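**Q** One line per chain: the protein sequences are A, B, C and D, in this order. Using this note's numbering, you'd call the opening residue of the first sequence number 2 and step up by one each time. Using this note's numbering, you'd call the opening residue of the second sequence number 2 and step up by one each time. Using this note's numbering, you'd call the opening residue of the third sequence number 750 and step up by one each time. Using this note's numbering, you'd call the opening residue of the fourth sequence number 750 and step up by one each time.
Don't read these hints as lab results, they were simulated from the structure. Be a bit skeptical, because a hint or two may be false.
Said to hold, decoys possible - Distance condition first, Cα-Cα at most 35 Å in a straight line; then the derived DSBU-like pairs of lysine-lysine:
1. B:K274 with B:K215
2. B:K132 with C:K868
3. A:K274 with B:K220
4. B:K132 with B:K152
5. C:K1260 with D:K943
6. A:K152 with B:K238
7. C:K1260 with D:K1196
8. D:K1262 with C:K1315
9. C:K754 with C:K1262
10. C:K1315 with C:K1260
11. D:K1315 with D:K1262
12. B:K238 with B:K215
13. D:K1260 with C:K1262
14. B:K238 with A:K274
15. A:K274 with B:K152
16. C:K1196 with D:K1315
17. C:K1262 with D:K810
18. D:K754 with D:K943
19. D:K810 with D:K915
20. B:K215 with A:K238
21. C:K1315 with D:K1315
22. B:K238 with A:K238
Unchecked claim - Distance windows between CB atoms, simulated:
23. C:L1209 with D:G1284: 21 to 29 Å
24. B:N191 with D:P908: 54 to 62 Å
25. C:G1237 with B:P7: 55 to 63 Å
All values derive from a computational prediction rather than experimental measurement. Glycine is no exception: its CB is placed at the ideal position from the N, C-alpha and C atoms.
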Amino acid sequence: MTTKNPEYDFAWCPGCGDFGVRRAIEWAVERRMDTLGEVIENTVVVAGIGCSGNMVHLLEGPQPFGIHGIHGRTLPMAFGIKGSRPDLNVLIAAGDGDFLSIGGEHIAPQAQRNLNVTAVIMDNGVYGLTKGQSSPTTALEVITPTTPYGKMEGALNPLDLYLTLGATYVASGISSKPRDLANLIYDAMNHSGFSMVHVQSPCTTYNDTFEALKGNPRKGIQPLAWNVPDDHDTSDKAAAVELVRSYGVPVGLLYQDPDSVALDERYAQIMSKQRTRTAQDLVDSFAFAVQ
Amino acid sequence: MTTKNPEYDFAWCPGCGDFGVRRAIEWAVERRMDTLGEVIENTVVVAGIGCSGNMVHLLEGPQPFGIHGIHGRTLPMAFGIKGSRPDLNVLIAAGDGDFLSIGGEHIAPQAQRNLNVTAVIMDNGVYGLTKGQSSPTTALEVITPTTPYGKMEGALNPLDLYLTLGATYVASGISSKPRDLANLIYDAMNHSGFSMVHVQSPCTTYNDTFEALKGNPRKGIQPLAWNVPDDHDTSDKAAAVELVRSYGVPVGLLYQDPDSVALDERYAQIMSKQRTRTAQDLVDSFAFAVQ
Amino acid sequence: MQQDKDFIVRFAGEGGQGMVTAADSLAQSAAQVGYFIQTYSTFPSQIVGGPTWAQIRISNKPVLSSGDQLDALIAFNREAYDTHADAVRDGGVIIYNSEEFELEDDGRSFGMRFDELGKSTGNPRAANMVVLGAIAHLVSWPQQYLNDFVVRRFTRGRPNDEEIIKANIEALGLGRDGAATTSFDLGELPSIEKPDWDQVLVNGNQAIALGAMAAGVDTFVGYPISPATTILVFMEQNLTGEDKFVYQASSEIESINAIAGAGFAGKKAMTSTAGPGLSLMSEGVGMAWMMEIPLVIVDVQRGGPATGLPTKTEQSDFQIALHPAHGDASLPVIAPGTVEECFTAGAVSLNWAERYQGPVILLSEHMLSERSQNIPTPDVAGVVDERRQVYRGDNGYLRYESSTLSPMPVPGGPGSYVANASEHDPMGDTTHRPDRHIHMTERRFSKLALLNDGTYEEELANEPIVIMPWGGSKGPAREAYDELLAQGIQYGWYYTMYLHPLPDALLASLKQKELVIVPELNYLGQFASYLRSLGVRAEAITQYSGLPFGVRDLIVRIPELAASMKQGVVKS
Amino acid sequence: MQQDKDFIVRFAGEGGQGMVTAADSLAQSAAQVGYFIQTYSTFPSQIVGGPTWAQIRISNKPVLSSGDQLDALIAFNREAYDTHADAVRDGGVIIYNSEEFELEDDGRSFGMRFDELGKSTGNPRAANMVVLGAIAHLVSWPQQYLNDFVVRRFTRGRPNDEEIIKANIEALGLGRDGAATTSFDLGELPSIEKPDWDQVLVNGNQAIALGAMAAGVDTFVGYPISPATTILVFMEQNLTGEDKFVYQASSEIESINAIAGAGFAGKKAMTSTAGPGLSLMSEGVGMAWMMEIPLVIVDVQRGGPATGLPTKTEQSDFQIALHPAHGDASLPVIAPGTVEECFTAGAVSLNWAERYQGPVILLSEHMLSERSQNIPTPDVAGVVDERRQVYRGDNGYLRYESSTLSPMPVPGGPGSYVANASEHDPMGDTTHRPDRHIHMTERRFSKLALLNDGTYEEELANEPIVIMPWGGSKGPAREAYDELLAQGIQYGWYYTMYLHPLPDALLASLKQKELVIVPELNYLGQFASYLRSLGVRAEAITQYSGLPFGVRDLIVRIPELAASMKQGVVKS
Ligand SMILES: Cc1ncc(C[n+]2csc(CCOP(=O)(O)OP(=O)(O)O)c2C)c(N)n1
Ligand SMILES: Cc1ncc(C[n+]2csc(CCOP(=O)(O)OP(=O)(O)O)c2C)c(N)n1
Ligand code: SF4
Ligand code: SF4
Ligand SMILES: [Mg+2]
Ligand SMILES: [Mg+2]
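In isolation and in its complexed conformation, chain A is listed as follows:
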């Protein structure tokens, strides 16, 4: 919302990573408007349920259309929007719980289809909005309100998953570098195909990982986050898989399929060869003459 709305009563905690992601999304969308001359109303932000999903209400500046639906269903809604309206720019904003846990079933189908949307996932390794329970990216043995004796299952590697499922653009960002993140999101929106931008966006209240990600030499903490090397070939999927399976969090563009054919392109091409059937044609096809 452009101006402070007196009825809206949610705010991120001080220092929450999602602030940085917001800035990045705003920049990326504005740059898109500038370069493509696209009106803001052509963009739809589809938000998950979670602290992260409140993004759709907290965006400042030019106001896109928004959807704030039910928990875990950003992708199928985006599928309906983009499928029926390929002219729109569809951006998903969701959390690790929303996207990877309850919404986990929807990634494979969209990747298989190469749906032409961009998903920005704010991963804080926790369920923020419901006050700190474990999420699929919470590590083994971590203690949370729902894992009081330590989490009993390992963490998912989302980047590896996106690559395996066939996402055609896979990037990893960090909310403390909003400029870089904005570029990744901008490129993702320009990519024709299913684009994943997975962001480390720490929850300062329940799982503050800023220090772990960035490291702290004084405390002898090695940073978990490291930049994707300049010489990484982003068209080489196997190399991308190797990076995401190596250590910590590589930050940057991991993979972009240069031969990506998005669903809307394929659909339009195949359907252009089909005859348009009117309702009258169809009714007539069931007619029979009474002799």
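Take the given structure of chain A and dock chains B, C and D with the ligands to it, following the hints.
**A** Leaving out everything else, chains B, C and D with the ligands in the frame of chain A:
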């Protein structure tokens, strides 16, 4: 059911791959009974909805307990059974549509937990029971009743997915070799952890792939299925990934994590350190004395 | 023939023996000469083989139900004979395949060697025609009707057309001659006046799809499930053309959310499913109600609960159609009762969704989906393609400010807002203010008043006791009603396919009645319960066998219920 | 004090300013000396900060609701003052934090510098005690009560205990002295008889969890969602021990199917959720009904529909609780109305599930979940741990043969069968036979008769007009009822938490009434509608603001509705 039940009215089509899978399951379970001295009632078969899921009614010989629930939910039911009753042997029998499409959300959580069950997936690249629509493993461009102009999305690689998600036992079988398949299922049940046995089980009515899988030299058809080489190191996950990404359908054991710790083991170990709280203890913890 | 006006024949055997083709052929030939026909088939849950039957009813009046008393049974095997012989009326005839089994002479059956006779014509697939020839003899049908049908059917522009036609006509003759050696005779089919209107032969699912097409459906996303799959398949095939989108989803959760996305994006959007899918859509439907997004869910009911009886008929999803989700919501529900009404329902459901900006449930039934009928050609040009009010003003619009329906902004155009499944303020942002929740709740319900244009049937409105079936039970109930009238037992008749909101005037009338009898195919008497909650003295006649009502059952049960009410012993 | 028997104070400010701690401290100290207390807090949807308030009601009689008229408001900031000042009764007092803002003298407010005074004692966290001291003065509370509380609370075996206790007692004194400089006085708190029973201080969610524990819950799987999360967290912490299993699921679909698996495997199994989760469980619940698997779903209702109002209260999930899925099913529903009843409901719901072998819904509410109350210590030893009838015979058992409940085989033991969500034959294999569907449908419903042991309240049973609230509206409705009685306006009183099946005798009584008035927090009047469908002349008094009923509202609306009925203008 042991004897032909007059009220039960389903039968697989002649030649259906699921017949071979049935034999394999029967053999594997009987061998288990022989070697472990386990009673048949200790096994629960949790079936999906589909031609494949009818397995639970069609098993002959000693009769295990069975569940034939709703579409796509074999894993969460198995989770509830095995979580609450680690003493039971839980076997899932489901189709590609049931397990990978509508039920797709459940694989990651069970893999992360390393739930100690065995899933036998009968992949025929089609929705058999609903008469031939496309499934997640139907290839691009294939024509089915719901893809009359050719399927517009690529096929999922299930073996790759299981490996990426962290299944600790991943095997690939083919229904025309029920003896080998029985061994894979038997070993999977002995493996302590999340065990996937993915089977090529062709649908002779809607998608007959027997010839494609086995090849036909006279027609110059190269077989899609090939045996995992003897020297493949099944403890090497990267090697397994390479095999499943290479070509066609490798048949055999692809990966078994030698260090697998199943959820039930971990759970028991962690919980053994916790004090048992009775309801009375808990109520008392909320008491306060009136002065 | 039953009441000398129609003829009911059932073809029963093992899947693959050609029962459905035989029934279809007979149906087509009868329809082509002007009869009203209805066919109905059931299939086993297995894919190949298994006990299958197809039934056809031929009449000189519009056919209301598939009929429960057979004039003739064609038994292709022993099991079919054992299962269906009881359904044959006194005086009816059974023709059985004597290559498969033999019967003692029972005065109502005779055997024929269908295959052998068929093959003797040189066409191995002509067995069906032997059967049809025999039937034609029984009802004294002019040979010409069937010959004409054969000529039409097999004139396909192929070199061997003529050969095939010749063999089939020969087979017809062999059947006729065979039957003529017996003394069986079913009387003459009533004569017909050839209708002067155009006709189509469609089933309920096709009619729904055609209605949706006529009303301009743009987007269709669905997941296969019996008995709704054929709607999805029809759409995949036919919803082509600019700006149209059709896709097989990965689950019903994806379907509902996808069409909600499409509805948000300005499209007329639809899905089809059966009970299990509707249950799975629950949360998504509630969302669409909350966000005020137009969309239509077609639920082709089957036996429930849970996976239930996929290939049987039932009317037990009314409650969840009306209240599919948690919280305060009650959805518009349209339940067609005939194949013709399926067409209308397909169109009106989409128009209602657009008009009131919210989800609509079209409640059909297995029974309708598998019923083929010749109906007057639907008037496509007469169908309105009603579209939502679109907001076209400046930015800064407050989508949810008004206390009732307001124009809807569409992405790409002005008026960006947030469609929010949480309670929201005028711009769609989340709010928890009590006044806003009151305002928005009332706004959402107020819009239902826009849907008060549903039509209904009303006859003998002065009667204190009335019959009011819903959905596919309309046919058998109407037959029973007519029969009772003929017997001098008189009730009022009410019927609508607009179950919610019920037309105001209809509800007002119903409240005046001493008893509203609702024949419905479920255990709970779901619709009657609902009527009672509205203050109507309604009682259900229930059946939960997976089969449609039998007319003769209703003829007994309706007066029984009416009488028990007079003695004050009705349930509630 | 309202009616000279209780005292209601609200602490309002920004999250983090200590309102909840202050209310809790006051509650504990009052409970420790024998008062009945109830606290209620609301939080904003944001995680840190945001407008928050906590309220406490102290009485010498059991507290029925949190109360709508404040005796005192403690406003920690300007916004809190602006929002809540109107709720203060005539003659009430407002104490505001004069470090934050200043007010003109309005004859009912005075400012204090909470933080400054607190810090002056050397303990920077003593501001709360300043506030409590001031309140104690207003109600002439013995200093000793609070001093004792402070001593107990801060005796924690740490070296600085004494120092902290001293500072806090000093702060109490400063608050008392500050208030004493004003002329405000709220009269004296009524005297109490110290209760001779043991007490616990718990909220509704804790009480449900304790009840479930007492009845021997074995398996708990749940997914976080407000306002049910605290049940899951409680279980994760406390459901330890041999053969117990507790786990956070990946979604509500996983929860319901997992507890169905556990129930099948012989365990007492439970999940907790709120409306959105219940909607998502729809298909799974229908499955459990069909398979006859015992399990319990706790639905802590919040504002709906869809994502709705996660932190507000509503009673709008009744319909979907009763009919959560497609097909014929209607679930047992237990809806506790007080914290004490939450304990009972937690236990009985599990026992009912075991007894009738099927799913049970426990319908609680946000309002109860966030309410802490001192209640007599629940009698754990008196709770029966009822277990299903287990089949222990030979193999070859026909699980579904009988026409009603039959012993249930448990895996590992004899009697293997298939639990089937499709219609099934006696061994659990799929069947489509009409007779079997009839048999099984009747079997499933017949088992509800086993649950006819629900208790209910009945007073002035001869009155033709009666009040019958449900769930958490019991408290305000009862207060209104008592107040009306005191005014000489007399109705009957009915109440049960066993909403389905309703106790037979209760239903029979209700059918005799001229009017049953149902105060309920939803738009549709869901429970009243249901009663009408059962033949009861019921009318709802509805509210859908996200807030509990106000007693004064009900005092006006109940006689209004009763009168309008007499004039024949009620809705239905
Ligand atoms: C069906 C359903 N289940 C549960 C919830 C409660 N819920 C709201 S947000 C959330 C988790 C959010 O976690 P995540 O997606 O990681 O977002 P974050 O708050 O961490 O940004 C849950 C469980 C819900 N709204 N709907
Ligand atoms: C919720 C729900 N949606 C749809 C269906 C219909 N349905 C039954 S089986 C099936 C697909 C089965 O495909 P697969 O799992 O591959 O099994 P196969 O028949 O090929 O062995 C579908 C869609 C259903 N029963 N429930
Ligand atoms: S709880 Fe965590 S994720 Fe949510 S707003 Fe606060 S810091 Fe951000
Ligand atoms: S349809 Fe295909 S999968 Fe199903 S039984 Fe027949 S051959 Fe097997
Ligand atoms: Mg998160
Ligand atoms: Mg399949």
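**Q** Which earlier hints turn out false for this structure, listed by number in ascending order?
**A** The structure conflicts with hints 1, 5, 14, 17, 25, although it agrees with all the remaining ones.
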